[in-house]
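Same order as they appear, the protein sequences are chains A and B.
Counting in the numbering used here, the first sequence runs from 1 upward without gaps.
Counting in the numbering used here, the second sequence runs from 146 upward without gaps.
There may be inaccurate statements among the hints.
[Said to hold, decoys possible] Here are the computed distance ranges between Cβ atoms for each label pair:
no., chain 1, residue 1, chain 2, residue 2, range
1, B, Pro254, A, Arg133, 33 to 41 Å
2, A, Arg71, B, Ser173, 25 to 33 Å
3, A, Ile75, B, Arg278, 31 to 39 Å
4, A, Pro142, B, Ala217, 32 to 40 Å
5, B, Asn169, A, Thr88, 16 to 24 Å
6, B, Glu158, A, Arg86, 20 to 28 Å
In short, the hints are calculated from the structure, not lab data.
For each residue, glycine too, the CB sits at the ideal point set by N, CA and C.
Protein chains: 2
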Amino acid sequence: MNGLPPTLRELVESGPMAHLSTINPDGSPQVTVIWIGPDGDDLVSGHMSWYTKLRNLDQDPRAVLSFDAPRAPGIFMSQYAVVHARATIQPTDDAWDLLNRLAKVYISPDAEFLAPKGPGYTVRYSVQYSVQRIGGVGPWAPASR
Amino acid sequence: MNGLPPTLRELVESGPMAHLSTINPDGSPQVTVIWIGPDGDDLVSGHMSWYTKLRNLDQDPRAVLSFDAPRAPGIFMSQYAVVHARATIQPTDDAWDLLNRLAKVYISPDAEFLAPKGPGYTVRYSVQYSVQRIGGVGPWAPASR
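Excised from the complex, chain A in its bound form (with noise of 0.2 Å):
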């Protein structure tokens, strides 16, 4: 498919916290919490160290990333995100950048990422997400599930 629809993109813009679901090398579900951005048509997150998560999409790239859109009360089915994805692994040292960037969305628009930037630092992997299929409620899902 072609990448994020508007509403989606917009979702993502304001700092949902992504619920990223990966196999483990025993088939069972592996599940941690993170900051994303959308970067073109894809979805872009940053790391620090080779995470569980890394290895296990580095085994397998089927990747669910889950956010919810903000609540809003007397609401029956709250709104919420399933992108399934194919995830690329990237080792570089711009993922600094990357997380600083986020920090401004998911902190505050004038905080600083706080790890130490540069080569051979901790900011090491970044992650891409090419989008597969939408899925969840909401006006990025399809009518029908």
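Start from chain A and add chain B according to the hints.
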């Protein structure tokens, strides 16, 4: 482990949208977002049909429930919980009462669950989640992750 730490129970009782991760037959992750409630030392959910998530849990009971704590602006690491659990599905006519109870948490204190009530009607399954391990960021998570 023995059930829910008080801080986690409190978070569950506040009605966070719970991201339920299961495993598809092809080994890929499946995620839907559901209502949950505490039930003694377990968590519980109610369902109206034999959805994919139930089919998956029937094949492989290893489930992860993850949910955000309320966001606080200016905080570096938002709090969230990741609950690894073993799921048991129960066909039941009582799940309506569960969903009606959860509607008061998730919709509004005077909300009634919308689906019709009674035997043969649409609320037919409850899932019991026996907690195996708790992670995430917050007072419910072990210090080292």
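Results of checking the hints against the structure:
One distance hint, 33 to 41 Å for the beta-carbon pair proline 254 of chain B and arginine 133 of chain A, holds here, with the actual separation near 36 Å. For the hinted restraint 25 to 33 Å between arginine 71 of chain A and serine 173 of chain B, the CB-CB distance of approximately 28 Å keeps it satisfied. The beta-carbon spacing between isoleucine 75 of chain A and arginine 278 of chain B, approximately 32 Å, falls within the hinted interval of 31 to 39 Å. At about 34 Å, the CB distance of proline 142 of chain A to alanine 217 of chain B agrees with the hint of 32 to 40 Å.
Checked against the hint of 16 to 24 Å, the pair asparagine 169 of chain B and threonine 88 of chain A passes, with Cβ atoms roughly 21 Å apart. Taking 20 to 28 Å as the suggested C-beta distance range, the pair glutamate 158 of chain B and arginine 86 of chain A does not conform, at roughly 37 Å.
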